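Enquirer: Here is what each chain is made of, one letter per residue.
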Amino acid sequence: MNAGPLRPVLAIYTALFLLFLYGPMIVLAILSFQSQGGGPQFPIQDWSIYWYEHLLGLADTSRVSQLPVGGSLLRSLALAFMTTVVSVILGTMSAEAFRTRFKGAGPVFYLVILGMMVPGVLVGLGMALLSNVLDLERAWFSTAFVLHVVYTYPFAFLVMLAIFNRFDRSTEEASMSLGVSPGQTFRRVTFPILFPGVLSAALFSFTLSYDEFARTLFTAGSDLTLPLAIYGTFSVEIYPNLFAFGVLTTLFSFTLLVIYGLLMKRFTGVESRRYKGQEDAT
Amino acid sequence: MTSVTTEITPDERQASPAVVRQAKDRRRALFLLTPGVIWMSLFLLLPLCMVVYVSFWTQTTFAIEPTLTIASWKQFLSSPTYLSAIWTTVRIWAIVLTATLLVGYPVALFIGLFVKNKTLQTALLVACVIPFWTSFLIRVIAWRPMLGTEGVINTILLQLGMINEPLTFLLFSEFAVLVGMTQIYCVFMVGPITFMIGRIDPSVIEAARDLGASFGTIFWRIVLPLSLPGVIVGAIFVSVMVLGEFATAASLSGRKVNLLGNIIVSQVGSLKWAFAAVAGVVLTIIITAVITLALRVVDLRKEM
Chain A
1 MNAGPLRPVL
11 AIYTALFLLF
21 LYGPMIVLAI
31 LSFQSQGGGP
41 QFPIQDWSIY
51 WYEHLLGLAD
61 TSRVSQLPVG
71 GSLLRSLALA
81 FMTTVVSVIL
91 GTMSAEAFRT
101 RFKGAGPVFY
111 LVILGMMVPG
121 VLVGLGMALL
131 SNVLDLERAW
141 FSTAFVLHVV
151 YTYPFAFLVM
161 LAIFNRFDRS
171 TEEASMSLGV
181 SPGQTFRRVT
191 FPILFPGVLS
201 AALFSFTLSY
211 DEFARTLFTA
221 GSDLTLPLAI
231 YGTFSVEIYP
241 NLFAFGVLTT
251 LFSFTLLVIY
261 GLLMKRFTGV
271 ESRRYKGQED
281 AT
Chain B
1 MTSVTTEITP
11 DERQASPAVV
21 RQAKDRRRAL
31 FLLTPGVIWM
41 SLFLLLPLCM
51 VVYVSFWTQT
61 TFAIEPTLTI
71 ASWKQFLSSP
81 TYLSAIWTTV
91 RIWAIVLTAT
101 LLVGYPVALF
111 IGLFVKNKTL
121 QTALLVACVI
131 PFWTSFLIRV
141 IAWRPMLGTE
151 GVINTILLQL
161 GMINEPLTFL
171 LFSEFAVLVG
181 MTQIYCVFMV
191 GPITFMIGRI
201 DPSVIEAARD
211 LGASFGTIFW
221 RIVLPLSLPG
231 VIVGAIFVSV
241 MVLGEFATAA
251 SLSGRKVNLL
261 GNIIVSQVGS
271 LKWAFAAVAG
281 VVLTIIITAV
291 ITLALRVVDL
301 RKEM
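Same order as they appear, the protein sequences are chains A and B.
Per this note's numbering, residue 1 is the first one in the first sequence, and the count goes up by one each step.
Per this note's numbering, residue 1 is the first one in the second sequence, and the count goes up by one each step.
Treat the hints with care, as some may be off.
As the list claims (entries may be wrong) - To be clear about the criterion: a stretch of chain B counts as covered by chain A if any three or more of its residues have a C-beta under 8 Å from a C-beta of chain A, and this derived list gives those stretches:
#, region
1, 33-43
2, 47-58
3, 108-121
4, 134-147
5, 254-265
6, 276-287
These aren't lab readings, by the way, just hints derived from the structure by calculation.
This one's a predicted model, so the numbers in the text were calculated from it and none came from an experiment.
Cβ coordinates follow ideal geometry from the N, Cα and C atoms, glycine included.
Using the sequences and the hints, build the whole thing.
Expert: Put into structure tokens, the structure is as follows:
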């Protein structure tokens, strides 16, 4: 589009926008290499990895207490994993159901979507009240877990819905009528079409659950998850060990993203190779 | 002409394979949906009903009793603290919504309309989304070293000689909350708007230009109306998240900004469950009103 000076102006604006998005994180990453005596601000007195050692418990005792990352990290990973498995299964089942027209599709759709729309603090409060009344003990693997699924299942559902929308059922039927067994059909036809969706849904569910804390705050009981441990430091003075943690957890998430990308790429690569092989055979 | 249809009797029609298959499919769909619907009813609808129910319970010092009363409601609606929390929540929501739209729209316009290269377009969108792979709480806390009295912005302004002493209103203020929320949530505006602008048929714009329309006319008459569903979807996302917020306010306002979410958290902390429930119901009413209003303008299901 030719609109005179508008294009360069918007380009500069977008660059500034990206700076706005990334600036704080870049500053945080730089400050995580602050020396032991330095505070959570500039200037950097001396570059060091002291706060990383402090975070991992390798540093000598100091006046700053260590972040409670160990147990909470394991709990968060386990919780995210459980949430992912259940969300993907529920999401796939519901999306498969939506391939048929049925009465009440609208209300059911909105019921599922409601899970990602309702603020975490509200469902968290409701769940806490419910467990109070029913005299259930609150724990990350029960009350918090079911709420995490309530949150991530709609995302998995939407992703799978998008996949199924592009999935022509007649390809399955063609395979079956050509005498391919149902097992083979699933492995060679259905699964390859669904796999990218399943992978995306899993990635969504895992990262959302791993980072979720509004829903966990009232429902996790006494054992903290990782976001809760971070939230606990909000009320006290912050130190660069929190920044070091931020850098490490971001790297972890990026690793997940890269694994996702590689799996997707490898998978599509295998598909095209197989297709080529078939061409050669004819 | 009618002979073909009259040959099929109602009985035959019922037994036709298509109808049998349809019924089977419907049963299968029902079976597949049941677990999800049960899960959402038990763990989403039931807790929400519980919030409404408990808001009418009797609050004693450290416990609640299931004796129905409107005492909590009366106390809530006559307390200046709680009423000002409602006002703060609505005000912050309105400002952040406007800010995300104003900050995000030009970016969406650039990516969706001006960047013709598909790869670059995707790369820019990915660049907008990547910060989401950082923990939300870390992104909130990252504003502290930016805005503090010894923070980056004050340091730069001091070095440039634009100010003589550090600006104190930057951190632990409503300003900090607004900046933090705008940065965290504006991507939810950029995404849907870019999507809608990207879907505009280039030939429509081409035709308008051939007919002598200026860029201003094209924008107001074509681009803006066609991008409106994206704006609404983005507005719904931002609204729902901002209205349910409490962490940003807790971290960046220094307790100066109390949203309804903060009220809920502090009331639960002091075991005032009934008050927390009242705040929850008020929050639900506000959010429902906002979404209903937005859905009047656009059918979300059609856009997805």
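Enquirer: Could you work out which of the previously given hints the structure breaks and list their numbers from low to high?
Expert: Violated hints: none at all, because every hint is consistent with the structure.
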